[in-house]
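Q: Residue numbers (my numbering), protein chains in the order written: chain A, 1 to 592; chain B, 1001 to 1180.
There may be inaccurate statements among the hints.
What the hints assert, rightly or not - Each computed BS3-like pair below joins lysine-lysine, with the alpha-carbon atoms no more than 27 Å apart: (1) K529(A) - K1042(B); (2) K452(A) - K1074(B); (3) K385(A) - K1161(B); (4) K529(A) - K1041(B); (5) K1099(B) - K461(A); (6) K552(A) - K1161(B); (7) K1042(B) - K311(A); (8) K1041(B) - K239(A); (9) K1037(B) - K311(A); (10) K452(A) - K1042(B); (11) K532(A) - K1099(B); (12) K387(A) - K525(A).
The hints are simulated quantities; they were obtained by calculation from the structure and are not laboratory data. Every value quoted in this text rests on a predicted model; they were computed, and no experiment measured them.
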Amino acid sequence: MEKIKVIVGLGSCGIAAGAGKTYEKIQALRQAENLDFDLKKTSCIGMCYREPLVEIIDQTGSYLYGEIDEIRAVEIIDRHVIHHTPVKEHVVQTDLFPTADNDFMQNQIKITLRNCGYIDPENIDEYEARQGYRAIKKIAGQRISRMDVVQTVISSGLRGRGGGGFPTGLKWKFANDNKATEKYIICNADEGDPGAFMDRSVLEGDPHSVLEGMIIGAYAIEATGGVIYCRAEYPLAIKRLNIALEQARRKGYLGNNILGIQGFDFDIHIKEGAGAFVCGEETALIASVEGERGMPRKRPPFPASSGLWKKPTNINNVETYANIPWIILNGAEAYARYGTEKSKGTKVFALAGKIRRSGLVEVPMGISINDIIFKLGGGIRDGKKFKAVQLGGPSGGCIPEYLAHTPIDYDSVTATGAIMGSGGMVVMDETTCMVDVAKFFLDFTRKESCGKCTFCRIGTKRMLEVLTRITEGKGEQGDIERLQDLAFQIKESSLCGLGQTAPNPVLTTIKYFRDEYEAHIRDKKCPAKACKQLLTYEVIPDKCTGCMVCAKNCPVEAITGERKQVHFIHQEKCIRCGVCFSKCKFEAIRLS
Amino acid sequence: MSISIHETMRITRIHQETVKQEQDPADLSLLEPLLEKYRGKKGSLIPLLQGAQEIYGYIPWNVFERISDATGLKLSDLYGVATFYAQFRLHPVGKNIIKVCHGTACHVQNANTITDSLKEALNVKDGETTPDGLFTLESVACLGCCSLAPVMMVAGEVFGKLTGKEAVRIIRDIRIKENN
């Protein structure tokens, strides 16, 4: 009889939720009680809202347990492993009986994430056991030509998953067309969109899939060197990539005459980003790899003809590469079966914000926003109303609730004024101020602007000044027109995608939430009650019972009052964080 | 309306004389293995600076000069790169760096409250170090743990689902531990 397997999810978010301690507890318990089971590690399975996650596989099947802290860990090991009784109330996903979380997992189609959460990412054997490196072996064994590989990728309809949506096969063809003795293939792992963690999960959970994708790409375009540009803020991803590279080299997947293909000499090294969002733009990325300030260059020439060290270079995103081995093994038609006419395949989204089930989901292109938010995501938390969803990070836009039937594909999303982006999806409810959201994104892009183009460098600052005035109650007539005018000019005169898309959040919020802007400017009011300068927190004397809960929770001790006496909020100390308002059980705090 | 050059992105005025007065020269022998590792390799400036920061916690002025000598790159180019990327610090930092995440998901979950509470409790501005050298407070773009918003990272350890009060308590506990 096979030993019971206990697998703990140890991606960055799992560890942040305490999975490291859970793992150690189970390990200690196994030692202390002399128990006989396999204890393994895996990475993020995507169900982040239930972290820490522990999977137990016994002869009856697989049981995924959620929210397993140290105390619950002892409980499930005792009841399930020792006494062979699954603890149904803590199971969040299994094939053996329905659970409340079924909708989250069962509406997904995992291609990119096919191995995440199912293998130990630091073990190449486990990757190989799930068809790992079979794609490159198929190419070598069947002597598939480079052009055939390129054609397969073209036929699959795969489009760049980093946000650009450019047909990947076509990009490879351009790089292949440019003959040179030195060519490069780069993986853009500089996932800088705040709120996006798709690439991080793939790199932490299945690094070999990215390596295999790059090796296949290197074969197709005849690359002589490969670089993975990974942001330094992902230390676990970098660690696992380094381990994976070592393992791949030892097995001959990297090196000289790979898998017997004469003249196919290729290796990959990692370059760490240093904290610049603009380096996600391909020419800025290349400058950074070359050791310079990450400032974009004019295109043409495109990287496919003149890229890294002025040699032909192909750059793709992590998720794009992760799809390649699956496409080669299963065929272009199999991939093209998913998705819509012009947007084939699946897309990974990082669901975050005011949603009940936040985490990573992979869905076929063409699914509606409503389905993602309500079917998979479980709807809005705390019983609030869905207001808008932000797609595409700082380059994207906000799609309002009444457009949530929009299918997710490149063209439909672009038609709303937003962009698909890399996959960050932040859900907002009635307590989110859309003017504040626009200000937040503009603050981000202004800080991250490289400074090269006048309109981006100065224009974003001017737009931010207008937005700040509006949120502080100092908005003036004509401010909206001022913002639109500046937005147009910045978009027109910026060299790179950062400047060209920085005004998008402002433009889409004006388009769909103009009334909020007007309320701020004309009435000096924030309808969502989020803009601090427009709010005052006061105790309502008639309703205050003197329970002292607000005073005890105030982080800056701005509330005074004796027990059973009416309390008082000192305005000069108040930082308007809203904690007192949320804690008061008697609705005795007024926002005005 | 003039724009202060200090407020524009990626432009910092470095006064070499002032910096030399503020910092004691760092021990350059620690740098040698790193310089050897990247000798002759093109495009290695950023890994060199990252390695130096690993060793010293920031990049001291005499380390800049030593790297310039060793690589032949101009001092102005080195400072140009170091001031462009947010990761590089040109001043020493506190023992524990508090990174409060201000990504989109954390922002809609009131990350501002966390930073404000910590600013109050530690009596520092964003980016500053406490006088006792124990803490540096930073705001960072996104730590990638969006399901646990709002999040902060202290000395590599992540704390999620925070409130302002929670954050202050965590810092207070660390201070107590340090003082023992």
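Q: Each hint needs a verdict: does it hold in this structure or not?
A: Now for the hints, and whether the structure bears them out:
1. Only pairs whose Cα atoms come within 27 Å are accepted, and K529(A) paired with K1042(B) is rejected, the gap being roughly 54 Å.
2. About 21 Å separates the Cα atoms of K452(A) and K1074(B), which keeps this hinted pair within 27 Å; it holds.
3. Proximity of K385(A) to K1161(B) is assessed by CA-CA distance (about 21 Å); at most 27 Å being required, the pair is judged to hold.
4. Between the alpha carbons of K529(A) and K1041(B) the distance comes to roughly 55 Å, so the proposed pair goes past 27 Å and is violated.
5. With a C-alpha separation of about 25 Å, the suggested pairing of K1099(B) with K461(A) holds against the 27 Å cut-off.
6. With a C-alpha separation of about 19 Å, the suggested pair K552(A) and K1161(B) falls inside the 27 Å cut-off, and the hint holds.
7. Taking the CA atoms of K1042(B) and K311(A), the gap is near 15 Å; set against the 27 Å cutoff, the hint holds.
8. Under the criterion of a C-alpha separation no larger than 27 Å, the hint pairing K1041(B) with K239(A) is consistent with the structure, at around 22 Å.
9. Between K1037(B) and K311(A) the alpha-carbon distance is near 25 Å, which keeps this suggested pair within the 27 Å criterion.
10. Under the criterion of a C-alpha separation no larger than 27 Å, the hint pairing K452(A) with K1042(B) is consistent with the structure, at around 25 Å.
11. Taking the CA atoms of K532(A) and K1099(B), the gap is about 23 Å. The hint holds against a cut of 27 Å.
12. A threshold of 27 Å between alpha carbons decides the hint, and for K387(A) with K525(A) the separation of about 18 Å falls inside it, so the pair holds.
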